[in-house]
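These protein sequence lines map, in sequence, to chains V and X. Here the first sequence stands for residues 1 to 465, where the numbers follow this note's numbering. Here the second sequence stands for residues 1 to 997, where the numbers follow this note's numbering.
There could be a bad hint or two in this list.
[Said to hold, decoys possible] Label-pair ranges, simulated between beta-carbon atoms:
1) GLY234/V / ILE754/X: 32 to 38 Å
2) TRP159/V / THR888/X: 40 to 46 Å
3) GLY699/X / PHE356/V: 51 to 57 Å
4) LYS795/X / LYS438/V: 48 to 54 Å
5) ILE754/X / PRO238/V: 26 to 32 Å
6) ILE758/X / TRP159/V: 17 to 23 Å
7) ALA344/V / SER690/X: 44 to 50 Å
Just so you know, these hints were derived from the structure itself, not from any lab. Just so we're clear, the structure is a prediction, and the values are computed from it rather than from any experiment. In this text, a Cβ means the ideal position worked out from N, Cα and C, and glycines have one as well.
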Amino acid sequence: MAAGTASARQRIDELQAPLVNPGETDETLSLSMLQFQLKPAPRGWWLMLMLGLSGVGLLGIAVSVTLYQGIGAWGNNISVGWAFGITNFVWWIGIGHAGTLISAILLVFQQKWRNSINRFAEAMTLFAVMCAGVFPVLHVGRPWLAYWLFPYPSTMVIWPNFKSPLMWDVFAVSTYFTVSLLFWFLGLLPDLATIRDVSKSRTRRILYGIASLGWRGSARHWHDYKMAYMLLGGLATPLVLSVHTIVSFDFAVAVLPGWHATIFPPYFVAGAVFSGFAMVMTLIIPARRFMGLKHVITERHLENINKVILATGMMVAYGYLMEHFIAWYSGDQFEAFVFQDRRAGMFRYVYFLQMFCNVLVPQIFWFKKARNTIVIMWIASVLIQVGMWTERFMIVVQSLHKDFLPSSWSGYSPTWVDWSLLLGTMGFFTTAFLLFLKFVPAVALSEVKELSHELQHGGHPGAGR
Amino acid sequence: MPSLEQKKSLSLPVLDGQGRLPARTLWRSPEEHAASQAAPSAGDISIASPEFPPGAEPPPEFTSSRRSFVQLLGAGVALGAAGCFTKPGEKMAPYTKRPLDLTPGNALHYATCQTRAGIATGLLVTAWEGRPTKIEGNPDHPSSLGAAGVFEQASLQSLYDPQRAREVRHRGAGSALRSFQLELSAHGQRLRKDGGARLRFLLEPSASPLIASVRHELLSAFPKARARAYASWSREASYEGARLAFGAPLEVRYDLAQAAVIVALDADFLSNEPGSLALSRQFARRREPTAEMNRLYAAEPQLTVTGSTADHRVRVRAAEIARLALAILAQVNPAAGAAAPTLPPEQAKWASAAAKDLSRNKGRSAVIAGERQGPEVHAIALAINSALGNLGKAVLTHAPLVHEVRAGPSEVRGLVEEINRGEVDTLVITAWNPLYAAPRDLGLAEALAKVPNVIYTSLFEDETSARATWFVPAAHELEAWGDGRAHDGTLTFRQPLLAPLYGGVSEVELLSALLGETERTPYQRLRELHKSKAGADFETTFTKWISDGLLPGTAAAHEVHALKPESLRPALDAAARVPAEGLELVFAPDYKAYDGRFANNAWLQELPDPLSKLTWDNAALVSPATAKRLALESGDLVDLELRGRKLRAAALVQPGQADECITLPLGYGRTATTEGVARGVGFDAGALRSAAAPYFDRGLQLNKAAGPAHRFAITHSHFTMEGRSLALDVNLMELREHKPNEELEEQRRDHPLIYEKIPYAGNKWAMAIDLSKCTGCSACVVACQAENNIPVVGKEQVEKSREMAWLRIDRYFEGPLEDPKVITQPVACVHCEAAPCEYVCPVNATVHSDEGINEMVYNRCVGTRYCSNNCPYKVRRFNFLRYNDDYTDVEKMRFNPDVTVRARGVMEKCNYCVQRVERVRIDSRVAGQPMKDGDVVTACQQACPAEAITFGSLHDPNSRVSLLQKEERSYRLLNELNTKPRTWHMARVRNPNPELG
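Here chain V stands alone, though its shape is the one from the complex (with noise of 0.2 Å):
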């Protein structure tokens, strides 16, 4: 996008909402941000630290029984070879996504409106992956020896098999993660400086001071640090297209008819976008509130963001209706059974929940009320999060449940492990997340004030930070 157009388009923009409420100067800006870190957690941070913890409890359990009894302590079955873990994976994977793509894409076409919410969209991306990361190694049958994924010399002199998607996934994610940390930390550098400026224990002043490795702030710090932090950006942008490609290419490679399809990686990596920016969607608002946020998370920041979800979820329903016109179009018998059963299958309610949430309710965003109404876009987010579940568990499940042999079809059933799984990685997330919420700002300060810096003085916005 030419500089001209993205002022032009700015200035209208600026028009509309505010992205920073003006009046604000770096010390209330430093310490409103900076509060919910300083101060003792309030009741409320508690209670969803408790729950969140109940359910890493939970997923310990979980775990633990997968280990000791095998994948057999799960539902799946011959030929449903993979189900919940797989689903959960390709889900969590998805949700990392808008991370990636507000801090780095989003930097890359300098849309200012991400400032106040990529730290957090960061966050979010590295715990979802953590989550993500849980299932691979958990879904084989010895993860014990896992780590024959990894190409390592070995005295076996075996290679893994670079031919296998899964080996790909390895290098994906791996990548994927180790770039989005480097990007999350790299981001709060500067923060953690102004933290440990900020604090009045020596305590915290001495950890803060580890953790912002020497930050002084220097002219020839902000100058290295703008260049990494650009060149990261660069790096992690195309993860955000490449990740959830080869995530797709697992079903996509494979012969099987509901996972052969040449749409996959865009509808996959539309998917991961639309449930990534709901589930933004799902922890800011609350977190705004609580954390007293409002006036650096605007509600032109939520609104952008629908808009988004309503872009992405459209792609997401093109992606549907393309996979059942190719299954008509190309008259393979056994691709149109697949999406037959879809319809009117076991898991045709499965199927009709994942049309409401997805096709419909992104439908509403077409309102600017419902943009602009928080009850209505928060339920809406979690339903979303809800569809790109029942999404995967379809493509994941449903394909593999009735094949091309009918004297192999099967059905599935999940178990309470699989159940405990997915409500677990879901409590670790949550624990994650407000671990990181106490002691991280967990909106980018600098990035904030310079932006705010920028509106009140005019700015230059083609200038190339």
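Following the hints, position chain X against chain V.
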């Protein structure tokens, strides 16, 4: 560290039930000896444990200290040095390979046999260092021809079954074998005083000359004693039918090589009946699309293996078969005086077409009556065969092979009457579990309570053993010497493979104990009995017989008999009677449990029924129309009531079942037994049986019962192919005229492949499976299970679709579900050249060998299950749980040492019996000869009685598999995926009668 027990076991040729060496006990001092003989202290729990019953040797002392370990190690060395290993007391001759001595790591093969319904099937048993691991057919034996059925093969599982009876019981309390033998000899002496007037025997039907000689001796010693035989599924009607037709009970057997047209009247001759392996072979050889191809008509109440193979099948309720038979007779031979009965149009059409076809093939056809049918139907079948001139050609008659031609409920009735008259003091039972197997209305259970001495022997402690005064564990057939007769009368020998694991005795030993003969072993008896048949050099000749497993040239010849119209006449009249109306209940021997004697066999329990694909259960089979009328669905509980006898069972809707007819297979619903596998599985059909109508009856009341639906574990529940081209069939006429068959051509077509062609080294292994020959009998499935150490996972896991069978038989229904055409299709890994499983495995655990076998590297597998997801044939099996970790030491003896036992979390599948390929490769290298076509025989191929499976190399253009794959009815399953399978299926050829269309 492996336990000391295991270490000790390594050097032992034969283990006993506790995994111990049958050696004498050593004492280090007289005190120690005295202590070991003293009464156990109260705190000694090992005595109370069922593992070491009274009478057994005490368990070896074992503490885990280093000191005791060294002590025992020293003792072990001393034992070995002193030459204390017990040598087998008697000579067992190897069949095919005769090494100078036993070479560890090389299997030996021994000829032996097994008997069911009195008829012996010759077998070849593979043993590794004294452990039998695989039961195969004896190629020289006329009843086997190299094939083995499911029961024979699975009996290996029963041999090692840890639930087998181990303890001699006297009035329920544990005793010792020696005291039993002494007691029985003494008792025999007492009985001799009145000539055994109050002594009765209830024996298993048998054709064994050895048993006959013991029986003869017994009846000489106790002239007033009486022996009867009983079997739940007896062949009485066949003998009685011959008596009606020819005036004498005769054995009727068939030579289907001579038959162009076969009519089966409720006869499942391809599966359960004696000689079915040989009949399957003869039948299948004429299922190739040549001018010689036979045509099979089947009329039956429930879908059977035979019926599903038939060209024309008609659903007829069991009670109406007689009239159908009469209609055929009336048309084939109007002079017979049979009035043609009026039949429903469908049956009439079938009968008329069959009769015309039979008349066109005089002397080249066979009409076979089933064992369920009464003597009249057998008599009519003989009359038809006689009128067609089939006797002496496809239908042979001769004197009965079994000692007692009567073995039905009437025999038990006679016994009960004698008991009730107080005429029985001692009853010796060797028939299998008569309290369960005999119709309950005979009152055998109540009668037994009145007999002071009941002596019973069986493999398991069951319903009957609980009522016996003396119960003696029986030796398994692989543990005892014996003999028998093949279905054609050939003398067959049975040699034991190992000493009784659980200290059982054979039938001969039990009976001779009564004669006071404990010293003369069955082996000695066998030698003495057959001494006269050998020439001068008895030792050499006898050794050869034992090693061959049979005495060739002893088959019974056809005897010519003339029809006896005077006795046939009443039979025709009886058959013409219109049966009473009402819902019919039909009993059937189960394909897995038979009459219940195999119910504790986990392999068989988990084997899917050939037609319903049901595991771990039986069910009240009901036709779709009747189910609709009664508002039943599969799994619904129903209360069945037949003349006051009641049973609650679960219904299963079965396509092909006759309307208004419920079939309930026998052998399930066991309760009073130590058979933990069998207990509580299925429904006891025997509760509804009566002595008057033990095979089928009318007047059944069926009421839907309240309660949650029964959960069936069915491995293949979908009926149709959904219009897909999977298991193909063609008509003989179309094939012969070379009519283009688009479906077949599409599945044969070569698709381009963008990858470079791989030159396969050495051999290019491939398989052809002929659906035209496959009957779905499932012998191959059990063979694969035994060969490849495939675990049994249990009902709950099968319900979750986690069964482990590498080879399954898909069964599809075509056409109307009421009366469908059936096609069975064995599917194992097809070894795709472009295998979808291989490229998705992230750790290279499934790879192609240079000879084109898609191999599974268990050690490398981490268990992502991606390969299974991407397998279009879904032939891969995953160890979801620790399916292999809970075996006792004795059960572990069963495993084939050439095949890895897989761990939890590992994928597994068919690998073309790669261990057999490698064995042949090693042997051929040692011999310096190249591998020849036919050298490698896979386990499934070997077991198949119909020769439907062929294995070989495609590099040899003249190998059988190359030739078969070139045939125009060969095709690749799911060809459009271009996976390039190495296993090709061959379309089933149907040979319909043009008249019936």
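### Message
Checking each numbered hint in turn, tell me which of them this model violates, lowest number first.
### Response
Hint check: nothing fails, all pass.
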